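With chain A held as given, fit chain B onto it using these hints.
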Amino acid sequence: MIYIISLVLVYSIAAVGLDILMGYSGQVCFGQAGFVAVGAYTTAFLVKNGFSYWVSLPIGGIVAALTGLMIGLPAIRIRGHYLALATMSFAYIIHLILVHWESVTGGPRGLIAARPSWPFSFEKDKYFYFVIIFIVIPLFIVARNIVKSKYGRAFLAIQKDEIVSKSMGINLTIYKTLAFIVCSFYAGVAGGLYGPLIGFLDPLSFTILDSALYIMMIVLGGRGTLVGAFIGAAFFAILPEVLREAKKWQELAFGLTFICFLIFMPNGVMGFIRRYQVSFVEKIREMEFLRHYFEEK
Amino acid sequence: MLRLAQLIVDGTVLGGTYAICALGMVVIFKATDVINIAQGELVMMAAFFGFTFRVYFGWSFTPSFLLAIGFIIFLSLAIERLALRPLIKAPIWTNIITTMAVLIILQAAARLIWGPEPYAFPPYLSRMPLNIAGIRLTHQDVAILGTSIIYMILLFLFFKYARIGKGMRAVQMDKEAASLMGISVRKMYSYVWMLNAILVGTIGILLAPRLGVYSTMGLLFIKGFVVAVMGGFTSLAGSIVGGFLLGVVETLAGFYISSTMKDIVSFIILILILIVKPTGLFAESVTKRV
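So the protein sequences, as listed, match chains A and B. Positions 1 to 297 (the numbering used here) are the ones given, in order, by the first sequence. Positions 1 to 290 (the numbering used here) are the ones given, in order, by the second sequence.
Extracted from the complex, chain A is given alone in its bound form (with noise of 0.2 angstroms):
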C-alpha cells in the first residue's frame, strides 16, 4: 500500500513537470519517459560508481534538465505536430541508447538502483516513503510558485498566442526553453527516485509508451492544473494494481479509458469538478437574486 502510494507520487512529480510544460506553456512534448530515464540511470549510475545518493540524484535532474535544454533550444522554432514528432524521436533514441550503450546501462539486464544507506538504511518501503514525499512537497510548492508567479502567466500568454506575447515583451526563446527545462529537472528528479523505489531500472520502462502514459496522466487529470497531475499519477499507478487478476486487459483498459476521456471529458477530472462548482455558484447567485426580488416586493 505505502509502495503505491510512493509510485503515485513518483509519477506525479514527471507529470507535475510536464503539465508545466504542456498545459502551461502550450507545448507538446512525447518524451517525459526519456527524460525520466536519463535522471534514474544517471543518479543509479553515479551512485554504483561510489557517489553518495544525496549528491546523485539532485545531479540526476540537472543533467536530465541539461538534455531537455538541448532539446528544448532548437524547439522553439517548431510547434504542434513537429514539435510532438521531434520530441517522441528523442525519447525513441534515449531508449535505444540505454539498450545498446551496455557499459553505462547494462543494456537490456538493467541496472540495480540501490536505496540510501545514510543517515540510516532506508531499505523498508516506509522509510522511502518519507524521501519522496520530503522532495515531492517543495517541489510541488515550487511549482504552485512558478504557476502563478509571472512566468506561469507568461507560459499562458504563449500557449494562447505567440505574437501577441511576443508583442507584450515576453522573450519567447527564454521562456519556452525554460519550460522545457522545469519538465526536464522534475522527470529527471521523478526518475532518480524511481529507480531506487522500484530498486531496478530497465529500459522497457522508458519506451514511447510510458511517455504517452505521462500525457495521458495530465490529460485525465485535467490540463493546467496542478492538481489534476496528481489525480492521473493515482489513477495510472492504482489501475495496474486493481487490474492485476486481468493483467492482459490492462493495455486494453488503459487505451479506451483514455479515448472515452478525450472524446467525453477532454479537460479531465479537474475540468469536470471545475465546471459543476461554478454552475453551483451560480446556482445559489441566482438563489439570492431570487430572494432580493421576492424581498422587494
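Hints are computed from structural coordinates only; laboratory data are not their basis. Predicted model only: the values in this text are computed from it and were never measured. Check each hint, because a few of them may be wrong.
DSSO-like cross-link-like pairs, simulated, lysine-lysine; straight-line CA separation at most 30 angstroms [claimed, not checked]: (1) B:Lys187 x B:Lys30; (2) B:Lys277 x A:Lys166; (3) B:Lys277 x A:Lys160.
Interface residues of chain A toward chain B, partial, derived using beta-carbon atoms under 7 angstroms [what the hints assert, rightly or not]: (4) His81; (5) Leu85; (6) Leu96; (7) His100; (8) Trp101; (9) Ser103; (10) Pro138; (11) Ile141; (12) Ala246; (13) Lys248; (14) Leu252; (15) Phe258.
Positions of the beta carbon are idealized from the N, C-alpha and C atoms, including for glycine.
Just chain B now, with coordinates in the frame of chain A:
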C-alpha cells in the same frame, strides 16, 4: 563495389515499404489533419489477419490477401468513426494522442488474440534467390519492390484522374469550399482512411514472410514518420524520394557503422530535419516568423 550495389538494392526494397507507409500517413494528414501514429499497428494487424487466413485456415494467397485487406479497411473505418470523428473540432494535439491510444489498444488486442510470441509466415513465392548481374534478390523482394512502385503510380493516377481522388485533393485544399462544391467532407475522411488501409494492409501482408508476425512489429514502421517528415508531411513525391533515401542510408549505416546505428540514424535524421528544415526537404517554406 558489388557489395555496395547489393546494399543499395536491399535498401531500396526496404525504402519502398517505408515510402508506402509514409504516403498513407501524408494522405491522411493532408486531408484530416491527423497524424496517424498507429500506422505501424495497422501493418501489424494486416500481417496477423493474413497469417490467420493463410496459416490457420490454410487458404490460398488471393482470398486471404483480399479478406485481410477487407478487415483492415473495416478496422480503419471503425477507428476513424469511433475515435477520431468525435474529436474533429478538438485542439490539434489531441488527435496525435488519440492515435497513440489507438496504437496501445491495437497492440493489446493483438496480444490478447494471438499472444505475445512471434510467428513465422511461410513465403508466398519460391525461396530460391534470383541472381541479377551478381546482385541476389529473393522473389519476395522483387514482389515487394514491384508492388510499392505500382502502388505509387496508381496513387498518382488516382489523385490526378479519379473522381474521389480529386475530391480528396479538394478537401485537402479547403474544407469549406469543398463542401460548398458538393463534396461530402465526412465521406472523404472515410475514403482517405480506406485508401490508407489498402496501402498499409498490402505492405503488412507482403512483409510478413520477411519479418515474421508479432505484436510489436508495428514499431518498425515508426520510420514511416521519418520519411513523412522528410517530405514535410505534405509532399507525396517527397515521401517517395525520402522513403528510398532512408532505406538506403539506413542499410548502409547498418552495414558500415554498426547494426545499432541502423535504428538510431533514422531518428537522428528526423530530429535534424525537424530542427533545420521543418517543412521537409522538398517543400517550400511556409513557416511563420514570430
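Query raised in the report: Of the hints stated earlier, which fail here?
Result: 8, 9, 10, 11 and 12
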